[in-house]
Amino acid sequence: MDSSDETRKAREQAIIDSYRPICLCNKIRKGIIVKAIQAGARTFQEISRRTGAGTGPCGAARCGPMVRGMLGEEVETCSV
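Numbering (this note's numbering), first residue to last: 14 to 93.
Simulated from the structure, these hints should not be mistaken for lab results. Be aware that a few hints might be false.
In silico DSBU-like pairs for lysine-lysine, Cα to Cα no more than 35 Å straight-line [said to hold, decoys possible]:
1) K22 <-> K40
2) K43 <-> K22
3) K48 <-> K22
Estimated spans, in silico, between C-beta atoms of each pair [said to hold, decoys possible]:
4) P78 <-> R24: 23 to 31 Å
5) R62 <-> S31: 14 to 22 Å
6) G72 <-> S31: 22 to 30 Å
7) A74 <-> S17: 41 to 49 Å
8) G85 <-> E19: 24 to 32 Å
9) E19 <-> R63: 28 to 36 Å
10) E59 <-> L37: 16 to 24 Å
11) R24 <-> G72: 30 to 38 Å
All C-beta atoms, glycine included, are put in the ideal place defined by N, C-alpha and C.
Can you make the complete structure from the sequences, with help from the hints?
This is how it looks when you write it as structure tokens:
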């Protein structure tokens, strides 16, 4: 497999991954949260205000840790 195939497969996987549900209560997908971070959200509260993630009946018990983990990963990626 050459690098163009690897690049294409990586792009395809990123697209598929962006549809992964993160906040099950409000049906917020990973791509929405990533866009909020790329647009400048730097705390869980900012992401929650912009996307609605963490405002459902579970009170972020399920999605909170994932969103916080994504926040750390995306902020590091944006600063490189």
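Quick rundown of the hints versus the structure:
no.: 1; hint: K22 <-> K40; verdict: holds (26 Å)
no.: 2; hint: K43 <-> K22; verdict: holds (19 Å)
no.: 3; hint: K48 <-> K22; verdict: holds (21 Å)
no.: 4; hint: P78 <-> R24: 23 to 31 Å; verdict: holds (27 Å)
no.: 5; hint: R62 <-> S31: 14 to 22 Å; verdict: holds (21 Å)
no.: 6; hint: G72 <-> S31: 22 to 30 Å; verdict: holds (25 Å)
no.: 7; hint: A74 <-> S17: 41 to 49 Å; verdict: holds (43 Å)
no.: 8; hint: G85 <-> E19: 24 to 32 Å; verdict: holds (26 Å)
no.: 9; hint: E19 <-> R63: 28 to 36 Å; verdict: holds (33 Å)
no.: 10; hint: E59 <-> L37: 16 to 24 Å; verdict: holds (21 Å)
no.: 11; hint: R24 <-> G72: 30 to 38 Å; verdict: holds (35 Å)
The earlier numbered hints are all upheld by this structure, with none contradicted.
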